[in-house]
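Asker: Residue numbers (the working numbering), protein chains in the order written: chain A, 11 to 461; chain B, 7 to 626.
No lab work stands behind these hints, which were simulated from the structure alone. There could be a bad hint or two in this list.
Pairwise CB distance ranges (calculated) [to be verified]:
#1 A:L212 <-> B:L190: 51 to 61 Å
#2 B:K622 <-> A:E35: 21 to 31 Å
#3 B:N238 <-> A:D198: 34 to 44 Å
#4 A:Q353 <-> B:K557: 48 to 58 Å
#5 B:N502 <-> A:E194: 21 to 31 Å
Just a few of them, taken from the derived set where beta-carbon distance is under 7 Å, the chain B residues facing chain A [as the list claims (entries may be wrong)]:
#6 S55
#7 L85
#8 N86
#9 K89
#10 G90
#11 V93
Positions of the beta carbon are idealized from the N, C-alpha and C atoms, including for glycine.
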Amino acid sequence: MEKTIAGVATALGIGAISIIRVSGEEAINIVNKIFIGENLKKAASHTIHYGFIVEGEKRVDEVLVSIMRAPRTYTKEDVVEINCHGGIIATNKTLEILLANGCELAEPGEFTKRAFLNGRIDLIEAEGVMNLINSQTELNRAAAFNQLQGSVSARIEKNRKKITDLIAHIAVNIDYPEYEDIEEVTVDKIKKNVRKIKKDLLEVYQASKNGKLIQEGINTVIIGSPNVGKSSLLNVLIEENKAIVTDIAGTTRDLVEGKLNLDGVILNLIDTAGIRKTKDKIEKIGVQKSLELIKKAELILLVLDNNKKLDNDELKIIEKVKDKNHIIVINKIDLKSQIDKKQLANANVVEISTFEQEKVTKLKEKIKEMFNLEKIQQKDLTYLTSARSIALLQKTIAILEEIESSVANNQPVDVLEIDLKRVWHELGLITGKTYEEEIIEQLFANFCLGK
Amino acid sequence: MYDIIVVGGGHAGCEAAIIAAKFKKKVCLITSNINNIADLPCNPSIGGSAKGVVVREVDALGGVIGKIADQSQIQMKKLNIKKGPAVQAYRAQIDKDLYQKNMLKELKKHSNITLVEGMAEDLIIENAQIKGIKTEQEEYCARAVILTTGTYLKADILIGNTRKRSGPGSEKPSLYLSDNLAKLGFDIIRLKTGTPPRVDKNTVNFAVTDEEKGADACLNFSNFKQNEYDLNKQVSCYLTYTNPQTHEIIRNNINKSSMYGGLQDIASVGPRYCPSIEDKIMRFYDKERHQLFLEPVSLKSPKVYIQGLSTSFPIEIQEQIVHSIKGLEKCRIITYAYAIEYDAINPQQLKQNLETKLIKNLFMAGQINGTSGYEEAAGQGIMAGINACLNLDKKKAFVLKRNEAYIGVLIDDLVTKGVIDPYRLLTSRAEYRLLLRNDNADQRLSHYGEKYGLLCKKEIEIFKQKLKKLKKWEQKLKETYISPNIENNEYLQKLNSTKLKDRISLYDLLKRSEIKLEALQKWLKIDAEIEIKEKLEVQVKYEGYIKKAEKDAQKMLKLEKIKIPEGIDYYKIQNLANEAKQKLSEIKPTTLGQANRISGVNPSDIAILSVYIKGKRNGK
Numbered sequence: 011m012e013k014t015i016a017g018v019a020t021a022l023g024i025g026a027i028s029i030i031r032v033s034g035e036e037a038i039n040i041v042n043k044i045f046i047g048e049n050l051k052k053a054a055s056h057t058i059h060y061g062f063i064v065e066g067e068k069r070v071d072e073v074l075v076s077i078m079r080a081p082r083t084y085t086k087e088d089v090v091e092i093n094c095h096g097g098i099i100a101t102n103k104t105l106e107i108l109l110a111n112g113c114e115l116a117e118p119g120e121f122t123k124r125a126f127l128n129g130r131i132d133l134i135e136a137e138g139v140m141n142l143i144n145s146q147t148e149l150n151r152a153a154a155f156n157q158l159q160g161s162v163s164a165r166i167e168k169n170r171k172k173i174t175d176l177i178a179h180i181a182v183n184i185d186y187p188e189y190e191d192i193e194e195v196t197v198d199k200i201k202k203n204v205r206k207i208k209k210d211l212l213e214v215y216q217a218s219k220n221g222k223l224i225q226e227g228i229n230t231v232i233i234g235s236p237n238v239g240k241s242s243l244l245n246v247l248i249e250e251n252k253a254i255v256t257d258i259a260g261t262t263r264d265l266v267e268g269k270l271n272l273d274g275v276i277l278n279l280i281d282t283a284g285i286r287k288t289k290d291k292i293e294k295i296g297v298q299k300s301l302e303l304i305k306k307a308e309l310i311l312l313v314l315d316n317n318k319k320l321d322n323d324e325l326k327i328i329e330k331v332k333d334k335n336h337i338i339v340i341n342k343i344d345l346k347s348q349i350d351k352k353q354l355a356n357a358n359v360v361e362i363s364t365f366e367q368e369k370v371t372k373l374k375e376k377i378k379e380m381f382n383l384e385k386i387q388q389k390d391l392t393y394l395t396s397a398r399s400i401a402l403l404q405k406t407i408a409i410l411e412e413i414e415s416s417v418a419n420n421q422p423v424d425v426l427e428i429d430l431k432r433v434w435h436e437l438g439l440i441t442g443k444t445y446e447e448e449i450i451e452q453l454f455a456n457f458c459l460g461k
Numbered sequence: 007m008y009d010i011i012v013v014g015g016g017h018a019g020c021e022a023a024i025i026a027a028k029f030k031k032k033v034c035l036i037t038s039n040i041n042n043i044a045d046l047p048c049n050p051s052i053g054g055s056a057k058g059v060v061v062r063e064v065d066a067l068g069g070v071i072g073k074i075a076d077q078s079q080i081q082m083k084k085l086n087i088k089k090g091p092a093v094q095a096y097r098a099q100i101d102k103d104l105y106q107k108n109m110l111k112e113l114k115k116h117s118n119i120t121l122v123e124g125m126a127e128d129l130i131i132e133n134a135q136i137k138g139i140k141t142e143q144e145e146y147c148a149r150a151v152i153l154t155t156g157t158y159l160k161a162d163i164l165i166g167n168t169r170k171r172s173g174p175g176s177e178k179p180s181l182y183l184s185d186n187l188a189k190l191g192f193d194i195i196r197l198k199t200g201t202p203p204r205v206d207k208n209t210v211n212f213a214v215t216d217e218e219k220g221a222d223a224c225l226n227f228s229n230f231k232q233n234e235y236d237l238n239k240q241v242s243c244y245l246t247y248t249n250p251q252t253h254e255i256i257r258n259n260i261n262k263s264s265m266y267g268g269l270q271d272i273a274s275v276g277p278r279y280c281p282s283i284e285d286k287i288m289r290f291y292d293k294e295r296h297q298l299f300l301e302p303v304s305l306k307s308p309k310v311y312i313q314g315l316s317t318s319f320p321i322e323i324q325e326q327i328v329h330s331i332k333g334l335e336k337c338r339i340i341t342y343a344y345a346i347e348y349d350a351i352n353p354q355q356l357k358q359n360l361e362t363k364l365i366k367n368l369f370m371a372g373q374i375n376g377t378s379g380y381e382e383a384a385g386q387g388i389m390a391g392i393n394a395c396l397n398l399d400k401k402k403a404f405v406l407k408r409n410e411a412y413i414g415v416l417i418d419d420l421v422t423k424g425v426i427d428p429y430r431l432l433t434s435r436a437e438y439r440l441l442l443r444n445d446n447a448d449q450r451l452s453h454y455g456e457k458y459g460l461l462c463k464k465e466i467e468i469f470k471q472k473l474k475k476l477k478k479w480e481q482k483l484k485e486t487y488i489s490p491n492i493e494n495n496e497y498l499q500k501l502n503s504t505k506l507k508d509r510i511s512l513y514d515l516l517k518r519s520e521i522k523l524e525a526l527q528k529w530l531k532i533d534a535e536i537e538i539k540e541k542l543e544v545q546v547k548y549e550g551y552i553k554k555a556e557k558d559a560q561k562m563l564k565l566e567k568i569k570i571p572e573g574i575d576y577y578k579i580q581n582l583a584n585e586a587k588q589k590l591s592e593i594k595p596t597t598l599g600q601a602n603r604i605s606g607v608n609p610s611d612i613a614i615l616s617v618y619i620k621g622k623r624n625g626k
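Excised from the complex, chain B in its bound form (with noise of 0.2 Å):
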């Protein structure tokens, strides 16, 4: 008998794991092949824009996706650096075999965690209540379980005409969980996703490429641990373009795709932010070339990935493509592209903490919500798993707000909105962007990991530290005066500054924006990590804006703290309209802050809600 079982062993299935762990708590993960766990079974990189920004919140929570990334990166990259530090993140190129490898590593530190293989594909459940699962041999008991099946559920594999039942990289897929997840209710839908193919390093005409470097300064995913590294050894990724002939081949034979007359049985929806090579030459007519990135996948492996080149063209088609791309002309494809259709749960049948609303303590994370990419995957999985511990300690749930995660932005798009599409986190998608950066994660998320025990001593020590510095570093740059003495004036005139009339504060000259924090060393040495020196930068200088963010974020949060009772009959209600009446009994929002985001329920709606709720609190 466990107390929880993880069904999955990619990023979410690791971080819900390992978090449980944490939690002291019985954790089996059962995964069908323990040497492929964690997988990286598309792009070799992790973080980016938004994503990187959840790996640091995974990873101020207590979770593991940023320090074994860090452990494994050969490329590190921070990105919209020209931009201002609300949108920059950080990307690394991840040693896909190193990756895995050090996540086993992880996992098998957790004496607490065993680690089964198995395929499960079906649940044991007693009064609407979970109580283990069942593999092909085996039944497994535990007291609450994480679904997180990845693209593993009825998947497909489609390349040109052919379909295939098969998890990515010919791994073995579930063949009844969904059924069964069906059969209990669950509204299944089916999506879609591909990849590009890999080709071998050694038969790449690199010099016909534009060189990628990574960035010329340490960096890393962890709040707790800088590590440095040797900046000489890090790889390089290679751009190269999609030319006339290509986009020729692929209208010649554009209906050999499997998305375009391939296969006559398509269902399933791509996700709109990562179309195919087809889907670019044929939406996007006037292109003339589409950029291509050459990834290493690892050190020791020769494949490399095309980034770009995601198809369902049959292989021949795909031998075709790939040569007629510079640099690729003679190259030799490893693996070939391919498009997987899977089936994935409709999110909003989830509350808040991840638990379905059907089965009590029954958990889902990961690509079977209907998201995409690890690290929402992580995101949800560490969320997850907090909230599975939660539950069997009968302790209230933890939900992330919209203001204060990335992680709350997924959570919350997903159970209220939904998905159509493969869900992609994008800073689009927060309100309150600013508020959630790169820098801050750890001022955002640190304080929960250290409240429910998931952060080390020395963690909480080395965050607390940052702190104490941060503020007096604050206080030093708002005692320091500078007068407006010609000398003075020289300088700020030489960084294009205005001069001074009166004497001002370093923390008001900060505030300029042509005034970086390193000009201020002229009259008050700074001498700080580069990590607070960040935080410290972006705190004075984007206060006014940071602090109309917060205001509006309270505005939200009032609505927020209004509690949806359960039960609720909302065709009971009168006055409320039909559309609003239908998508409220669905999603079943549990505050009125959430009801408020539903597409379809009018602000005029929320005011006759909130009098019913007022009225039902009353007892009238």
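With the rest of the complex left out, here is chain A (with noise of 0.2 Å):
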């Protein structure tokens, strides 16, 4: 049976809506699983359906479904295609869900190969997707080229070489068993490794998510009691950058509100309704919408008056946080200092007053400081934030995973070294550089062996 494979069908970062394509015997049942709405199972074929993403009880995104039942579908096979309306990230999420309930990411090009595979382009309609095939080739190239160049990409050969390394050493110990002078690679030796190459990509799948929301966006929001400031901030930040602020009307994208861009860093402001209705309430700060608003939040901006002692309901706030990127940002320093900044020990904090632009500067150097944007290189930004580098970063992750798991199981060496060679393969995809025959070379390269 034919694998169900998943990707993304619209350009990412471009228009309001994103298609997710899903195609394969399996690709209604695991629509199916991952959507509230209508049973798509019973679905009649070419039909949309309207309802929601979801993983677990958490809703994703608000979404169309096109149900296609074979054959009379662009791959001939069973296809669901998903209009995301909640943008990229949210697009990106649905995705990982699909991956997650075994679907397989599907390579550049590989709905068109099924479709031709199945008998469903002749080559007149081909041509046009030929083209296509042609110039997303082209851009992977250069794509791969500029990432070269770039310090992540730089870090994924070097844990590749490392992998490179291992394997053709265990290769040595398999094809010359009888050469003792060459060191035997131990399942100790693999698993030190292992735990040093996943820490390492754990750190670049970080910065990747994080070079990702430069691109995307931080979700952020302001919170904090009344008159403490919140639309003041707020209003500062918009007043520097009047022209940017857009206000996304009649989408589904009821999250995002608005977008800051400070110096290069968007922020996509989330429910900045709910800061204008605040100021007609009195007294506490609502506990309860604040910790709602958290959970949706990359980014908390918890604002507090240096005029006023901390309540408790802040307090509680507070704690919240401290789990969270965020930022407690201690307004109005203009005036005399009454909060007890001790109850403040190991947060993140910064003193400004909305009235001085200067102070406002101070925030925004935090907020980069926080996401490690200094550090990461621009040009590695375009390849690290696709969804199919992270996806597969991801599975090299899982992969590196399962090799501890049969360490512990105590696999023997030449076992474990198949799917070390799983993790060189998806890290040689990342890079473009999947290529057997150095595994082979290097064998020979390092090692002296023979009659």
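Using the hints, put the two chains back together into the complex; each one sits in its own frame.
Answerer: Written out as structure tokens, the structure is:
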């Protein structure tokens, strides 16, 4: 049976709607598992259905799902197309969920390949597609070239090199079993290497996710008790960004209400309406509401009043934001300090006054520092922000974890090597370098063998 | 008039001739020296990692190398026993005299094989189809010809600053055949290999070396015939080392080696996997010593082969080197080491069935295709033999896939990627190593042997019995449950295994890496041959990994099923990269899968090609 594949069919980052295409025998079953709406299994072919993509209980995106049953489809297999409305992040998330539920990530051109393999496309129709495949390849080549010069990809390549060495070494042990002067690769050595490589790749993965944030924006909430200066802060930020704030009305992007560009860092502001509303209410911070917002956010700006003591609700919220990217913004520092800063120990604190521009600058610096944005070179982003390479990296890390559990189960070295080779292969797909002969060349370059 | 002429009586030639005889063809085997049939001109051993598996594969298909090796071995060993099942393999030390005698006997058993002594020098061709061959004296006609010329084409023996036209061990070389092949349009490459000195065992001080013994149980290459042999009569090998003095001699005299200035006209490429001792010393400067294995050449001969000491130094330096080595201080060298240069063809000019693309019914196998090793030769020999017969019978070619056999990996690599240096099989060349195991060669291939009528009734029966037993015991393991009582848990703890919480089948228990099949005897007396137990254990224990490999293989097979029609003009396909156009035109892959493995052909080229083929098929 062919694997069911999924991929983003539209260009990432362009256009308000992205389409994820799923193709294969399990397409309808898999999408049905993560879809709230009507039962797609019973849906007639070539119909469109409204609903939500969910991860567990959580709604990820509001979508329209097209059901097309084989054979009258692009690939001649069952095809489901998900029209995602929630922007790039939601699209990537949906793709991730599909992969977690049994889909395989489509290779570039794989839908077209299947369309051809299943006899769907003829030459004339295919010519158009061929041009597309070509241009994609050119882009890939350019991207691969770019990323080779970048630091993150150099790191992936470095790890892949480590794996190459390890595999070549194991290969020597296998193919030349009696060469005792060649050190034997032990399970322990593999374990140590795998641990190191995994750690490094996890960092790259995290950095890539941050890189993605730069390109796609950081979902940011401003919370705080009434009258601490939330709307003033918002206004100051907006003031700086007048031309950039966009109000995306009439879409289902219920979360993102505006984008702020702080020197290239995009903040997707969430629930700014909430700020206005709380203005009318008195006293309390609205713990429940704040907690909900905290969950949604990738960056929390908690505004406190320098001129007031912290109340219990604020203390609770401070506790809650500690595990997330957060900045505690102490406003009104032009006024007398009443706040007990000891209670803010270990927190990320910036003191500002919304009346003074330069103080706001400190906040921006803090945000950049927090996401490590200075360190991530722009040229790397083009590559590692692609959902494809991030998914590959994630898959790689998952295989490394499999190896760790195989080590724990006392599997022999050469069985572990089979999974090491998979890691090597996946990393090669990321850097565009998968090439089998390499291992064999390595084998001869580094070891002294023979009759 | 013969059906098939096989040129060359080495490991490829013998397999080709015998398998063709089993096809009931009238076969002529032409060799320059009948007394030197199935020579082992280099190491006196057969098998090893990957190679040993090939021996069992040839055997499973109905070939002879396995049985003859079993009859002629003086020491059997199982390699990689501490590693997993996918990399274990057998290796035999072979009594060279006995091996040659036994092979000649085997050839003579087949009344439809005619042995002819002669040196093939030219081919008879009509309308791009082979009609026969010419020796110095005579012409022989046949409907198909298989060339297995080994290292004999324009062979030169190199020692120090001397170059002498000669085949290995002063056998006669073929002087004109490779030029005549070039005239027909074959692309000729020049390769090199070498062999170490042989010393007199009566002059070796074995007492100061380390003894290397054989396995302590009987092992057999053959899937069908289990020889019992006297373990006490197994002959040992011995291990010694080079030392700083050896290295100094080599460095001080390096210019005298043929390869380091002794000869100025070296144009050939030597094997990467098998460097000469001078290569090792010069390339791995820091290494204080290199291993040398002393291997007996035969029971009757006094010769001992020094594995690890291949060289092209002049004989006086060889004397110095050998005498600098522990245990060899006073030994007498019987034959000196030499390097040998020879012509081969670029194997990319072959189809997957080992027939040449240029000339119909002309096949090639063995070192002429750029490989090295007796086992690689035998694997190609049997495949060329089978395919020559199938061609004559107008039947579909027999091609083994990369997930079916090392032989498949070998031939696919040769015809798809070509060779730079003499090609040796390595486990790392196989993507699906876990499927290509030593234990399951018969399960993978014997059905082909049966299909083509290459196995006798008895062999088929033995194979079927094995499968039956395997199934039976697998079923029993699945049906036998044990419960988490104190006794069982104490037993498991003793084996460093975790306690049971629920009842479990022995089948699932065996999946635990620390539980060996033998440990299950407590609950189920497994009354089966060692071979069955081995198969059973591997099959159950590595089921998960095997399934993963099978899944990957299926993915590859999908592309393998898409045939590329002959006669495509790749230069007319729009959008193909130039490199792809050039490589595809040269190699002419037969399936999309093969095209996908050509280096320089990118995935996007494959997509474009696949669309193009589809269009052609629809007549557009």
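Asker: B:L85 was flagged as interface toward chain A. Is the shortest Cβ-Cβ separation under 7 Å?
Answerer: With a closest approach of 5 Å, the B:L85 hint holds.
Asker: Taking the beta carbons of A:L212 and B:L190, is their distance inside 51 to 61 Å?
Answerer: 59 Å, holds
Asker: Taking the CB of B:K622 and the CB of A:E35, does the distance hold inside 21 to 31 Å?
Answerer: Holds - the Cβ-Cβ distance for B:K622 and A:E35, about 28 Å, lies within 21 to 31 Å.
Asker: Would you check whether B:V93 satisfies its interface hint, that is, whether its CB is within less than 7 Å of any CB in chain A?
Answerer: 5 Å, holds
Asker: Does B:G90 hold up as a contact with chain A if the rule is Cβ-Cβ below 7 Å?
Answerer: It holds, given that the least Cβ distance between B:G90 and chain A is near 4 Å, below 7 Å.
Asker: Any CB of chain A closer than 7 Å to the CB of B:S55?
Answerer: 5 Å, holds
Asker: Are B:N502 and A:E194 spaced within 21 to 31 Å by their CB atoms?
Answerer: Check passed, 22 Å falls within 21 to 31 Å.
Asker: Quick one: are B:N238 and A:D198 within 34 to 44 Å, going by C-beta?
Answerer: 39 Å, holds
Asker: With 7 Å as the cut and Cβ atoms as the points, is B:N86 at the interface with chain A?
Answerer: Because about 5 Å separates B:N86 from the closest Cβ in chain A, which is inside the 7 Å limit, the hint holds.
Asker: Note whether the CB distance of A:Q353 and B:K557 lies within 48 to 58 Å or breaks it.
Answerer: 57 Å, holds
Asker: Identify whether the interface hint at B:K89 stands, where standing means a beta carbon of chain A within less than 7 Å of its own.
Answerer: 5 Å, holds
Every hint, counting from the list given before, is met by this structure.
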